[in-house]
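J.: What follows is each chain in one-letter form.
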Amino acid sequence: MTNEILIALGALGALGLLASLLLCLVAKKFNVFEDPRVGQVEEVLPGANCGGCGFPGCHGMADACVKAKDAANSLEGLLCPVGGNEVMGKVAGILGLEAGAAEPKVAVVRCNGNICARPKVAVFDGAKSCAVAAATFAGETGCAFGCLGLGDCVKACQFDAIRINPETGLPEVDEEKCVACGACAKACPKFVIELRKKSAMKSPMPKRVWVDCINKDKGAAARKACQNACIGCGKCQKVCKFEAITVENNVAFIDNEKCKACGMCVSECPTGAIHATEPVMIVVEKLKAKKEAEKKAAAEAAAAAKAAAEAAPKAEAAPQTEAPKAGE
Amino acid sequence: MSPHVHSGNSTQKCMLQVLIALCPALLWSFYQFGSGAIILTLASVAFCLLFEFLITRFLLHTPSTLGDLSAVVTGVLLAFNVPSNLPVWVIAIGALVAIGVGKMVYGGLGANIFNPALVGRVFLLVAYPVQMTTWPSQAGYADVETGATPLSIIKRIVNGESTLAAPDFMDSLLGVTGGSLGEVSALALLLGGIYLLVRKTITWHIPVSVLLSAFVFGFLFYGCNMTLALDQLVCGGMMLGAIYMATDYVSSPMNSRGQLLYGCCIGFLTIVIRRYGAYPEGMSFAILIMNAFTPLINKYIKPQRFGVVKK
Amino acid sequence: MKTFKLGGVHPAANKLSAGAPIQVAAVPDMVAIPMAQNLGAPSKAIVAKGDKVKVGTVIGEPGGFLSSFVHSSVSGTVDKVDVVEDATGKKVPAVFIKVEGDEWEETIDRSKDIVRDIKLDKQQIIDKVKEMGIVGMGGATFPTQVKLTPPPTAKPECVIINAVECEPYLTSDHSLMLAHAEEICIGVQILEKAMGVKKAYIGIEANKPDAIELMRKTAANGFPEIEIVPLQLKYPQGGEKQLINAVIGKEVPSGGLPIATGALVQNVGTAFAVYEAVQKNKPLIERIVTVTGKSVAKPGNFLTRIGVPVANLIEAVGGVPEDTGKIISGGPMMGKAMPDTNSYVVKGCSGILIMKNAEARRKEAGPCIRCGKCVHACPMGLQPNFLARYSELNLLDEAEEERIYDCIECGSCQFSCPANRPLLDWIRQGKPKVMGILRQRAAEAKAKADAEKAAKEAAAAK
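Residue numbers (numbering that gives the first Met the number 0), protein chains in the order written: chain F, 0 to 327; chain E, 0 to 310; chain Z, 0 to 461.
In case anyone wonders, no lab produced these hints; they're calculated from the structure. Glycine included, each C-beta is placed from N, C-alpha and C at the ideal position. One or more hints might be untrue.
[To be verified] Now the stretches of chain E that chain Z is said to cover, found in silico as 3 or more residues with beta-carbon under 8 Å:
(1) 4-13
(2) 36-45
(3) 107-117
[As the list claims (entries may be wrong)] Some residues of chain F that are not near chain E, with every Cβ distance over 12 Å (derived):
(4) R36
(5) P55
(6) G181
[Claimed, not checked] With the C-beta cut set under 7 Å, the calculated list includes, among others, these residues of chain F facing chain Z:
(7) A116
(8) P118
(9) A121
(10) D124
(11) V131
(12) A133
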């Protein structure tokens, strides 16, 4: 009996030794050298492997950071959109560099063709994918440029930050969750989604003004397809004091760099195509009140009120998501 | 987007065809084993439906998938694979394993690797061996020895433990022998199989290759005994397995070449288990083993391509 | 009876307008002739507002090698050159012509006499076909002159005429054969002459016994080299590769041209158009369009001028029925759904199909049950379920390995899928991507080979 136990012990022990020896040899033989800093950098990266930085996963990003440090002694152009400045600061610390602060961005859906504003003219019953729909035809509505509403952006988002609102049929970005990795913008076959700076002005409050439409059709056609379309009238361009707005191909565009988020254009837009986040809306309200006070033509006031009314639901989304944070 | 027309075929219709095809065997079972067979089948179906409903409703929170009838097919096939005098509580456990472990854990219909009914059956066989191998004495056939199936007789003959005559081919074909609820009558199952072939619900590749390879290997492994080789085709779960279980859409390969290979392997494995294994029956194990190889077959066995010349 | 060897499905034929005589559609007040009527580069409009045109006047020139001439189908004044929506809602340039009278170019032989004698030689025929703007009439609209000039390495052996019309509902080819059997046979002879071959087959599916009979009789009367081949009913028999396989039993090699099998396939409508172009000097200005549908009051076949609004044709069969769900240009298997009826008849438009809502709407897609019906249905021996999945997940290497580039987009897989999965929708997503990769790879390989060759030569020069 004892003998058998000893034999078993001996045999297994010998096997174990042999195996560990083999493992050691293999590990030595096939060892791939890697800069230890890469591992350290990867440690501080979020590990989501979202690809938002432009590299295949966090390991790729870490590798790129180390290489950039060796080549140029700076981390310029490299940003982890998920971790933001905080993480880049840590990365810089590991590599012995100063991190430059990059402006945080957020995905913005540039289409406001909701179900009410954009009547359907056709029905699509193919595969439930924007890419398939875009390859097939112009879209279910008269607008050939706007959101198709089939949710490729939702599928692309790794952070659960974009959802289709069933009431409007349009995607909505959760600013708290959005890390501006750009996956949704890449997934959108209509290029409706744009990454814009979280704040147009350097202030803690997010302030953004953007044109909520990319329809390049002529004004009348665009308006016919969608009530909320930008008709390229150029009123906003005229009213802008900072030359931030350009109208090209019948659609206005607000330059992220130049815009000071004054809100003048928002109140000017006849179709309510220009949108702004909450703080700007206060300014817009003030502007409107001033206009009222000046007793301008009643029709003009009505148009502005309409613009505000249409912009309001979009702006309300922000404080709602901020509320739980305040409670923490 | 083209095509704008559809054949009108649906998952539900495919499953319905299978159910229709299983009717003759169920009727024969009723004739052979009495109303217990029907009750057990109904109980099995009911439990399968219930468990699928509960799982979709409370665990997965997805819309109910009862409408596709796949749970009904699973229920019937599970009942067909057990003795007709099995207690209802045992079949309930079988249904839970079949639907829960065999199908829903993978994500429901289409995602399962193994045939759910067989998962349930094999679980019961291992967990409740006594109940699962206690065969009823058949009504009106009291002279046939109780509790022995043709396959166990063959096993004993081959092992030299018995001097009984080999089961009669015609008896097994008709199904006047002992065995699981739905598997006894090869003829009734064949009828259903022909129906499925005519309705193009299944193709001939799997059943024919299973039966052919079972016959060939049966002939070889049973010492070139023609009687025993033919018995292999009509005894036990061979017909039920070849026509209804191995052809299960989800767990079988998709192109004809893969199906032929799959069928041949099942036939081979079945005979090997029957001849050399501990169990007298090997069909369900053979199918489950080959189910595991299906993804591999799908990956490496490609269909005949158009315009590709072999070099 | 012959048929192709792999896959295939049997959609309900629904040839509602079979046997209906060819009616001449009224010429409207205004036509719009799109400039993109052929596969390849669109044509360039060469007329301007105010120009007077006659029937047969050239109004568009080829915009490239794979392009063709466009002729006016009416006489009148050019109203404008603008964009119109084609059958898929894409915007294409078109010439709008205000119709005044019905004056034809004098060169066109408008008599009803059938001219049997082929006077032109090989090259003249090809030039004439080009000049008259003939394109493949089956729907692909491949410029015919390009097809008639195969690469020098090819050894043409026979002409195969595609009179299969395997698409459900459509009957335009059928009615054409019943009305113009002899002209078609002469057209086939012209094609033989252009290709320098002495053998021709006309493949007709067995559900058109009257056409088979008539074509046989006509061919027996002075066309000994034309053989009528009745084919077993199966979709997609009208696919070029499937037809060659069915008729002469050869397979077009993957990635190769059909001419590699020695066969030139032309649609029966093209044969007729070639006859008219070569013998009658008549450009391609009209074609037969089937206007049909289950709820349509009087389904029929219409001899229609190119550029007639689709809405006019639908009016001619009694207007759009109330239960309409889809209007399709072409057949139900491969045709394209039109967003509205504001498009115009083009050379490749073989039918206008008005489908009932209940018939046209797809059912909700369920999970794939891996039944393999799509695999058995695929005429190219592909595994559509994998192709669709790979396309959806953008796994292009896997899709290439599964030969997505061989897909002919016939729709048999989706037709037969019991789970109603949009297989072809997805395959269409992945196929062009893989094709792009293949082309890029070929270009890179060529560049590399060229560079190596240049380096070698440079070394040799030293």
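J.: Would you mind marking each hint as holding or not holding in the structure?
T.: Going down the list of hints, with the structure as the test:
1. Residues of the region 4-13 of chain E with a Cβ under 8 Å from some Cβ of chain Z number 8, which satisfies the need for three, so the listed coverage holds.
2. Coverage of a stretch by a chain is defined here by at least three residues with a beta carbon nearer than 8 Å to that chain's beta carbons; for the region 36-45 of chain E and chain Z the count is 0, and the condition is violated.
3. Against chain Z, the region 107-117 of chain E contributes 4 residues with a C-beta closer than 8 Å to a partner C-beta. That satisfies the three-residue criterion, and the hint holds.
4. Once the 12 Å rule is applied to beta carbons, R36(F) is consistent with being away from chain E; the minimum gap is 40 Å.
5. The Cβ of P55(F) lies farther than 12 Å from every Cβ of chain E, with a closest approach of about 25 Å, so its non-interface assignment holds.
6. Residue placement check: G181(F) keeps its beta carbon more than 12 Å from all beta carbons of chain E (closest about 29 Å).
7. Interface hint at A116(F): violated, since its Cβ lies 20 Å from the closest Cβ of chain Z, which is beyond the 7 Å cut-off.
8. Because the smallest distance between the Cβ of P118(F) and any Cβ of chain Z comes to about 13 Å, over 7 Å, the interface hint for this residue is violated.
9. Of the supplied interface hints, the one on A121(F) holds, with its beta-carbon coming within about 5 Å of a beta-carbon of chain Z, less than 7 Å.
10. Interface hint at D124(F): satisfied, since its Cβ lies 5 Å from the closest Cβ of chain Z, which is below the 7 Å cut-off.
11. With a least beta-carbon distance of about 5 Å to chain Z, the hint placing V131(F) at the interface is held under the 7 Å criterion.
12. For A133(F), the interface hint is violated, since its Cβ never comes within 7 Å of a Cβ in chain Z; the closest pair sits about 10 Å apart.
In terms of the numbered hints stated before, the structure departs from hints 2, 7, 8, 12, listed from lowest to highest.
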